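When you get a sec, could you build the whole thing from the sequences and use the hints?
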Amino acid sequence: MKKTLGVALLSVVCVALPVARGAESPLEPKVANSSSTATNASMELDVDYGFAAGSKAHTGGHDLGYVSEQNAGLKYVVSPELSKDLLLRAGFEWERFSFGLPGNAPLPNTLQQISAVLGLDYQIDEHWLMRAELTPGLYSDFQDLSWCDVDAPLILGGSYLVDADLQWFLGLRVDLRSRYWIAPAAGVRWKFADEWTLNLLFPNPRLEYELNKRVQLYLGGRVLAGTYRLADNFGTSHGIDPRTNQAMLDFLELRAGPGVSWKVLPNLTVEAEVGCMLYREFEFSDPHMFVRSNNPAPYAQISCHAAF
Amino acid sequence: MKSVALLLLAAVGGVFNGGVDGQETDLAASLKSFSDIQQVDLNRLLGGEIISERGSLMKFPSGMSTQLCFAVPMAAEETAKRLQEWNPSPHKELKIYAFRPLCTPCEIADFKDLKITSSPRSVGWLLDKTLTTTADKSELNLSRNEAQQIASSLKKNSTPAEVSSCWARLLWARASAFQTKGFDGMAPYEVSGETVSSVAQLRAMVLEESPVARECEPILRKSGLLGGGVPTLTPVYYWQLFSADGYGTLSLGARYLLPVGDHYQLLDVDCYVNGNYYTSVTLYEVWPIRSAGKTGSLVWQGDFYAAPTLAYTRGVDRVAYGAIMLLEIKKSVRAFQSDIRTAH
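Same order as they appear, the protein sequences are chains A and B. Using the working numbering, read the first sequence as starting at 1 and increasing by one per residue. Using the working numbering, read the second sequence as starting at 1 and increasing by one per residue.
Just so you know, these hints were derived from the structure itself, not from any lab. From a predicted model like this one, the values you see are computed outputs, not experimental measurements. Any given hint could be a false lead.
Each computed DSS-like pair below joins lysine-lysine, with the alpha-carbon atoms no more than 25 Å apart [as the list claims (entries may be wrong)]:
1) A:LYS191 - B:LYS331
2) B:LYS331 - A:LYS84
3) B:LYS129 - B:LYS156
What follows is the structure, given as structure tokens:
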């Protein structure tokens with residue numbers, strides 16, 4: 001950690017060290033003026049993969065058998081600083097759910113999102129930070145892609161910073177194609193003891209215990225959700241109500257379990273967790289019907305976050 | 001008669017407001033010339049408001065800066081003196097466990113109150129990291145020689161009392177070197193990777209903010225921070241034990257005071273920090289002000305902070321880090337203002 005810092009420091013210090021009085025003024029900027037922010041850009045990369053074992057699914061009183069799941073995601077965002085208080089966010093996101101289905105299940109095998117990420121982070125005042133993020137792209141079972149599969153959910157978030165130990169969060173997700181087109185959320189991050197932090201932040205609320213500077217244990221929840229367009233012949237090909245052809249599907253899954261977060265490098269964090277998938281729901285828009293799994297099933301998840 | 005009275009009131013009000021506005025204009029112009037503070041309202045500042053500005057992301061990769069402005073109902077000379085001598089430890093919210101001034105020359109007895117124990121947890125962390133220090137490796141900011149001394153002492157006796165004693169000796173040696181050699185006496189940190197010179201970091205951060213560096217040139221030069229000569233100011237020295245982001249941290253500091261024309265400059269600098277961050281420096285300018293018939297002081301404060309974490313904290317995380325740092329600094333300012341009000 002400090003090795004990298006040392007190298008960076010050498011380059012800065014070499015040009016910034018003052019010279020003796022009488023020579024060129026040491027007070028003239030040798031380092032570019034801080035108001036010049038053209039090169040201040042950060043990058044974030046998130047990768048995750050998870051597996052949930054089979055859980056019995058049912059619809060309208062009929063058992064459909066066991067449905068298992070693999071989920072994977074990749075998100076890359078570049079964030080250049082447009083001004084001191086305003087940062088742009090631009091990148092892409094991919095998320096995929098693959099389900100292991102019994103033969104007769106009226107469910108898609110895959111739900112997938114491939115989207116751009118366009119957004120802004122803005123510091124409104126000394127206490128408030130806000131984020132607006134639009135993710136236009138394809139949200140579909142990827143059977144027959146068309147313009148109908150395009151969606152653009154919007155996330156608005158605000159953080160109220162009280163001090164280093166307490167921050168409040170407010171969020172709003174707007175997705176006009178979902179049955180729940182507006183979804184508000186509130187949260188808090190409260191470091192109530194040196195080693196304990198209550199991080200109730202959607203979609204991954206947690207109670208965290210800091211083992212040391214690099215390793216953190218947590219007990220948390222995880223909400224996986226999305227809205228997807230089904231294939232033109234989904235109902236027909238699955239032998240169910242043909243009105244489900246091209247239907248919208250809201251997917252929701254709730255998980256809970258313990259995990260460990262390891263800061264492998266100062267800018268690279270790896271997380272692993274195991275636990276129970278508590279509830280899964282596929283909600284069709286028209287006709288309005290559900291496929292639910294509320295038998296707990298074990299899951300495991302690994303995630304990686306890097307910032308450059 | 002009534003209209004005459006009203007006219008008189010208006011005239012008096014106009015003169016009074018003109019006086020305050022004139023002073024505000026002068027101070028605003030002064031502040032604007034070197035700082036990020038663009039507007040001042042003396043009445044609101046004297047009412048307790050603190051104006052603040054987070055600095056832009058610095059080119060210096062592990063640096064961060066903030067600026068703020070506040071007022072206290074006390075003459076500038078007295079305010080400057082109190083800033084130089086202020087003991088923040090009675091304010092529990094600042095999480096400063098011990099704060100002691102040092103003699104000149106300092107003595108080992110100046111550190112007799114230094115106690116490194118397993119509780120609270122933040123100080124316990126410092127105890128653990130001291131015990132795991134070897135002759136050539138440590139998570140703490142140490143020179144090779146210091147690491148060897150700690151490892152050697154704790155090999156024979158690893159009690160908290162011995163750990164405290166080790167740190168007392170180390171701080172005494174660091175403080176003595178600083179008192180005799182100034183900034184040239186600040187030994188680099190050598191055992192956690194590449195060598196890190198905290199004095200070079202201080203210089204890099206201050207010089208990056210060139211308008212501030214130009215404004216504060218008198219105290220930067222006379223303290224010796226910019227090098228190029230023998231320091232001509234005698235500071236107030238201190239050591240403190242505090243929680244930095246939840247981790248127990250020991251630091252040695254020096255506070256310099258210099259009258260410059262009609263105002264005062266102060267420099268509060270870390271001569272040594274034993275972990276969690278590398279170093280920090282706070283610059284102050286204190287001006288006399290007068291508002292509503294009362295005298296007071298306007299204080300501009302610029303904080304510069306270098307930490308290894310910052311080199312890897314980017315984007316909105318860094319914006320949030322800066323905003324939170326500013327809120328924490330404001331806690332200190334409010335504590336200082338509260339002490340001034342109590343004393344007044």
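Verification of the supplied hints:
For the hint pairing LYS191 (chain A) with LYS331 (chain B), the CA-to-CA distance comes to about 17 Å; that is within 25 Å, so the pair holds. With a C-alpha separation of about 23 Å, the suggested pair LYS331 (chain B) and LYS84 (chain A) falls inside the 25 Å cut-off, and the hint holds. Only pairs whose Cα atoms come within 25 Å are accepted, and LYS129 (chain B) paired with LYS156 (chain B) is accepted, the gap being roughly 17 Å.
In summary, the structure agrees with every hint in the numbered list given earlier.
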